[in-house]
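K.L.:
For the protein sequence lines, the chains are A and B, in the order given.
When you read off a place in the first sequence, starting at 1, and then add 7, the result is the number in this note's numbering.
When you read off a place in the second sequence, starting at 1, and then add 21, the result is the number in this note's numbering.
Calculated directly from the structure, the hints in this document are not laboratory data.
Each statement offered as a hint is correct.
BS3-like cross-link-like pairs, simulated, lysine-lysine; straight-line CA separation at most 25 Å:
no., chain 1, residue 1, chain 2, residue 2
1, B, Lys364, B, Lys354
2, B, Lys189, B, Lys303
3, A, Lys14, B, Lys261
4, A, Lys128, B, Lys170
5, A, Lys128, B, Lys261
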Amino acid sequence: AELKYTKDHEWVRVEGDTAIIGITEFAQSELGDIVFVEIETEGETLDAEEVFGSIEAVKTVSDLFMPISGEVTEFNENLEANPEVVNSDPYGDGWMVKIAVSDASQLDGLLSAEAYADLIK
Amino acid sequence: MFQLLRHSRSWYHRKSRTFSTQTNPKPRVSFLNLEGSGMSAIERLCLEEALLRHDPLERSWAIVGTHDPIYNSYLPNTGTKCSNESCLIIMGIGGKPDILLDVEKVKRDGVLAIKRFSGGGTVVVDRSSLWTTFIGRIDDFPHVDPYPKNIMTWSANDIFHKVFANMKADALHNAGSIEKKTMVMDTKSCGLAQGNGTTLKYSTDNPTSRTNDIPDFALRENDYVIGERKVGGNAQSIVKGAWLHHTSFLWDYEEENMSYLTLPSKRPDYRGERDHDDFLVKLKSTYGTIGDDNSSKRAFFYHVKCAAFEAFELEEVLLKDAMKVVDDLGGMKAWFDGKCRTKILDLKT
Chain A
8 AELKYTKDHE WVRVEGDTAI IGITEFAQSE LGDIVFVEIE TEGETLDAEE
58 VFGSIEAVKT VSDLFMPISG EVTEFNENLE ANPEVVNSDP YGDGWMVKIA
108 VSDASQLDGL LSAEAYADLI K
Chain B
22 MFQLLRHSRS WYHRKSRTFS TQTNPKPRVS FLNLEGSGMS AIERLCLEEA
72 LLRHDPLERS WAIVGTHDPI YNSYLPNTGT KCSNESCLII MGIGGKPDIL
122 LDVEKVKRDG VLAIKRFSGG GTVVVDRSSL WTTFIGRIDD FPHVDPYPKN
172 IMTWSANDIF HKVFANMKAD ALHNAGSIEK KTMVMDTKSC GLAQGNGTTL
222 KYSTDNPTSR TNDIPDFALR ENDYVIGERK VGGNAQSIVK GAWLHHTSFL
272 WDYEEENMSY LTLPSKRPDY RGERDHDDFL VKLKSTYGTI GDDNSSKRAF
322 FYHVKCAAFE AFELEEVLLK DAMKVVDDLG GMKAWFDGKC RTKILDLKT
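Just chain A, same shape as in the assembly:
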């Protein structure tokens, strides 16, 4: 499925009623070595742009923002023991949460791959 992106450097891949969310290659390279991913919103329904967790690199902790509204249904538990996967495979094994999409039309407001590429130029 085609990825959509946010200005906060998250990516979204929709599979049916589920969206999978992670951070982009650009974001992981700017943050540096990821040492901790904290997501305690499993089971919560959040609006777009609300904080669903935080990610910590060597010197920095950054909030993670919902690209679209939905219920956080699953957290990638592998990241608890292996947060560095976010660096090595941000679009694959480094995914962070899965959500049940509340409003699919919100995807139209996200960035295409081309638009995101322009953003990070």
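Starting from the structure of chain A, add chain B where the hints point.
P.N.:
Structure of chain B alone, referenced to chain A:
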């Protein structure tokens, strides 16, 4: 999710950004000096997070001060029993005590340990630690990309290079001299003069300044260093539309207190295998003192403020006005007990 309370903007007398003939207008930044405020280290961290996340006027901030490691002014002082009241261990939000601390020694010596809301490593602070904090709203700082390296490069280049260049110049100029010196900014004394109007003189007891061999300040990997030694711990927090960068500089410290920290497995390359004694440096021993310690620390903050004057359109704010943000959250105790991410660590479990 915490609901941001809205207030009349007349409270804070916030003015619109001033545009000058420069290509990039200076960011408007509120300056808060917490020297002598009585605010503890924990309370400072609580205030910082409140200003970062919940300032209804979304101001950018520059905050300086020194803080007691243990005794609070706003939070209760009951419930924490510390045998060692000289220092406080502050871990980053993801820090693991069993890896980063000699937990048995910490417990045995009765040292208070907390987690702060920002990332980064573990520091041991005391009453002599010099705290600086910058909160940048992305709209005010379009020239600073909100990522760690960019923020640190900006702070090193625009603020701390100037601060430490001035510290060095002062120390070298006055090495071995009994020359009297005053510091004036905006036609007002920065407060280094004694109450009777006489100015203070530098004392330079340390060999470094006598030999004119003070290493330069630099940003090395993710650390602020003087020469090859780290001079403070720094960390950041990035939220929607803003970032915070804070540092605790080592003015003077008890070497014994650094023994609470283990040698971290993740270390910067330039550190090598050096233990804390060989890796860290005290500002006091590097630059000497002006009169007494308190005057010297004020000189450091003076230089920070001067650099801030150059970089920003600075507006001084009183603590009571900054504390209104915390008051909106129910007060310091309610904020600390609630959504504030700075928490006391229970090392018994």
